[in-house]
Every structure is written in C-alpha cells, then in structure tokens.
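Asks: Here are the chains, one letter per residue:
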Amino acid sequence: MFEIKRDWMLYMLLILPMAFFLVFKYVPMYGVTIAFKDFNLFQGILKSPWVGWDVFKEVFSMPEFYRALRNTAMLNLLDLIVGFPAPIILAILLNEIRMNWFKRTAQTILYLPYFLSWIIIGGIVTQLLAPQSGLVNIFFKSLGMLPVPFLTEKWHWLLTYCLVGVWQSSGWGTIIYLAAITSINHELYDAAEVDGAGRLRRIWHITLPGIKNTIIILLILNLGRILTLTFDRPYIIGNSYVIEFSDVLSTFVYRVGLQSMRYSLATAVGLFQSAVGMIFLLVTNFIANKCGEEGIW
Amino acid sequence: MNTRNSEKIFDRIVLSIILFTVILCILPFFHVAAISLSSNSAIIKGKVWLFPVEVSLQTYLDIFRDQYMTGSLFFTVQLTILYTIISMFMTTIAAFPLTQKRLLGRKIFLFLIIFTMFFSGGIIPDYLLVKNLHLTNTIWALILPGMISCFNLIILKTFFNSIPESLLESARLDGCSDLGVLFKIVLPLSTPVLATLGLFYAVSKWNSFQDALFYITEPKLYPIQLKLYQIVQNSLAVDMAVKEGSGTTTNQLPESLKSACVMFATIPIVLVYPWLQRYFVKGVMIGAIKG
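In order, the protein sequence lines correspond to chains A and B. Our numbering puts the first residue of the first sequence at 1, with every later residue one more than the last. Our numbering puts the first residue of the second sequence at 1001, with every later residue one more than the last.
FYI, nobody ran anything at the bench for these hints, they're computed from the structure. The beta-carbon is built from N, C-alpha and C at its ideal position, and this holds for glycine as well. One or more hints might be untrue.
Stated by the list, open to error - Among the chain A residues that face chain B by a calculated CB cut under 10 Å, a handful are:
1. Arg6
2. Met12
3. Val23
4. Phe39
5. Thr267
6. Leu281
The shape of chain A in the complex, shown without the other chains:
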C-alpha cells in the first residue's frame, strides 16, 4: 500500500488513458457477443436473444464469405511476394550511393507517397490509368496499342493493386533496413575491399548477412498479418467491376454490416477475422522466438 501512496501521481496520470482503453477498446470487445445473438437495435446488446452458433453457421454457408476470405489472403500474399523484397533492394542500392546530397534528396522523395491518403492515391491512379483519359493509356494508344483496362478487368486490377502498393510503401519501408545497415561494422567492408572483393561481392557477403535478422523478423511479422484488416486500399482502388477480387473481409463486413445493417452477421465475420489473425500472430511470434529472435515482445 505504501507504494501506491508514494506513486499516486503516476496513477493519476494513468487514469485517463486507461479509461480510454476500457471504454473504446474493451467495451467493443464485449460487443462481439452480438455474434451469438439475434441482435436487434431496439432491444440493445443485453436484451437481444441468444442464438448460439446460428449466425456463424449462416456465415459459413455464404459463398461471398469464402470469396472475401480468399481475396484477403490472396491480396496480402501477393503484397508479400511483390512488395516485401522491394524495400530491401531499394535500401541496399541507397546505401551504395556516395553522393550524400543525392541520397538524402532521393530518400525525402521516396518516403513521400507513404504520407498520402489512399483517397489521394486513388485519385492519382484513376487520373493516370483511366481507360479513356488516363495518361498511360493515351501513351499506349499513341503506340497503336489497345487501351489496357487497368482498373476494370480483374486480372489487370490485381496487378495494379500490387504495383500501387509497392509504389506507396516501399520507399518508407527502406528506413528500417537502412537502420540495420548502419549498424554493420564498417571494418568488415574495409577488410573485404583489401581482399579485393568488388561492390557486388561486398553486398552479397556483408550487407545481406548483416540485415538478415531484420529481414527474417519482418517477414515473420508480415506473415502473421496475412488476414489483417485492410480497408482503405481495397475499398478505394476496388470498384464494382472487379468485386470478384477486390472484396476482402473488411469491405465485406462494412457492406453487410453498416450498409445492409446485418449487425450480427458482420460481427461474426469480424470476430472470425480477429481470432484467426490473433492465432496467426501468436504462432509466428512463437516461431520468431524459436529462431532465436526477440519477436514482438
């Protein structure tokens, strides 16, 4: 009790933040019970009747649910394959630049897309890729090619979705690798140079092994997030023409839940996603720890 008296100021400070977590994080956790209820707005969460697993049975019988599940996994996996190596390569190349002013300017510009909203990016993408008026298609037409339906045909859309993601985030992604590279002992490079190793060999034998741990930990973390909620990007870049590929769990929940007001159904889908996501993260973190890494905690 003595400690609590001594630290009363610290506890006072914590009251507001903890109240925030309680009200805005833990109360909604209680709200997931409506996944097991026949929720009715007028009766509220408490008085709506329990229905057991009925809502989940309905969810698991919906073809649209499986489509959204497949798309979530597919888009995230594609992002991982296309988007994961990009910042690593970019960081290694940036590190090889000797002109400091150029390196710094390049970094400033490469980070920029990360700070734009998906709406702005969506606006730019539609301007550039529109089938009739977009710059890219005007260029293709001037070469005598047919316009490419970047945003309205599902396979083209998939490619667009991936590349826009790379464009937005790979510059920012270099920060963490550049940090790892700066912590590599510089004498290793000097020694390799004396031994006659060229630049490529130095990258291969010193830089890459030096950031191997960072790469592994980020890879594991990304794998853990494979079912994570991403709303902005698929919602903005997607459209009714490509819904076959662009409808992911989060947009599905929004459509079914808030637009069609089927609260119980949407909550059940959200709960499924949250639970699977948590299991993924715990497992991958466990693997990270087993690999001798620090993991997330």
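Place chain B on chain A using the hints.
Replies: The following block gives chain B in isolation, referenced to the frame of chain A:
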C-alpha cells in the same frame, strides 16, 4: 584500372536505378498538377503530360469560392489540430508512468494495452458504441475512438526508457515530484520523438476517411478526404460509363477541377513534411530497433 572502371559502371547503374525510382515517385504529382492548371479542351485532346497547357488558375479559384470545399478544409484543419493535441497529451501521460519500473501493476497495465493491438471488437461493435454514446455526427466521433495509437505509445515509451535513470533519480533527490520530472526533464529531452509522433498523429487524421465514412452523415462535418472521395468516385463511375458507351458525360466534373482537388489535399502535407523528415526518421528508428 579494370576494377576502377567496373566501380564506375556499378555506381552509374545504382544511380540510374534510384533516379528512375525517384522519378516514378514524383511524376504522377507533376501530371496531376499539370492537369489542374490546364484548360479542359487541352486535357480532353490529351495534350497535357507534365507541363500545363493553356495555364489558368481558374480551378483553384473555383475551389476557394466553393463554400463546401473551404468549409470542409477549415473543419479538417480544426479536427487535425484538436486531435493531435489531445492524442499527444494522452500518449504522453500514458507512456511516462509505464516506464517507471517501481510502479506497482505496471506489467498488468502494459498487458491490457498491448492486448488491444491483437484483438479488437471490430467494425460493428465499435460503431454501436459510438452510436450509443451519441457521438455520431459530432467531431468527437472522429477524435475519441482513436485517441491513443498503441504503436505510437510504444515508440514513446521506448524513447523514455532510453533516458538515463540516474538523471531522473538526481532530480528526485532535489525534491522534484513525478510530474516535475516529466515536465522538467523527460519532455525537454524528447522533442525529436514528440515532433515525430505529432506528425504521425496529424498525418493520420488529415488522411483518414474511414471513421468519417462510418460515423458522419452530416455534410457539414465531412473531412476533406471524404469530400475528395466523392469527387474521385464520381470520376471513376463516369469513366466506366463512357467505356461501356452507356453513360452521358454531361454531369461530369471537369478533369482539371478533380485534379485541383487532389492537389488541394496533397499540398499541405508536401509543405509540412520535408521540415520534419529528419526528426521522424530518427524517431522511427528508435521505435524500430526494439521492434
């Protein structure tokens, strides 16, 4: 001689790849900016690439004259400032006690906070909560539910932890209270990371539209991004209608106006961010090294 030559070639290849990537990053902006400054007839003819044709500032004047646009800009500025102040305050008062190892129950508080990063109620329970608290269609629906970002909290906590314990101890011996330590020692030493987090909070609010999409139906309270979304969405729908040959282009907004709106929401960020870049790179690295 041979090795020096190959060194030179290597340098050139690296430089050109990076240069190409950099150009790829800013070219779209130049194109959109050029369109926003060009006349509509030149745009429709496909004459506008990277430089404006038949330059006019008309679109920007139109935006500034449009009450909905300026109103939503003003609202977004207000929202961003208010949100950033509140979030920084809340994050600071949460992070400081959690770095004090002698605090009883510290681990429990930490666990309760970190757990929310892994499990959440989801969209619908969040929505019902905001609705039940009667926050929908108020500015508070856009501020309160996201006051503290766990990620930012962890960055700040990690930074506070790196301040030498002996410094805080000596202040305490001089009769400084916990609050005094926080305000007189910890915060002045933390300006780089505070600037970083402030920028993160501000940018995230400036860019957010999801919460407004869920909680706001009153057009007066539309943040700039939601406004922009309606404009962009309109353009995509019309473009597809043209492709199908079924739509009419009569009620289509001029391309230059759409581009001007995009620039309008982009320019503030482009102006602020280079000044703070050095800080936030440092700040992120501090957070990353632990992560």
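Asks: Classify the hint on A:Arg6 as holds or violated, based on whether any CB of chain B lies nearer than 10 Å to its CB.
Replies: holds (8 Å)
Asks: A:Phe39 was flagged as interface toward chain B. Is the shortest Cβ-Cβ separation under 10 Å?
Replies: holds (9 Å)
Asks: Quick one, is the A:Met12 hint okay against chain B at 10 Å, beta carbons?
Replies: Cβ of A:Met12 sits 9 Å from chain B, so the hint holds.
Asks: Take the shortest C-beta to C-beta distance between A:Val23 and chain B; is it under 10 Å?
Replies: holds (8 Å)
Asks: Given a cut of 10 Å on the nearest C-beta pair, is the interface hint for A:Leu281 held or broken against chain B?
Replies: holds (6 Å)
Asks: Next item in the hint list is A:Thr267. Is there a CB on chain B closer than 10 Å to its CB?
Replies: holds (4 Å)
The structure shown violates none of the earlier numbered hints.
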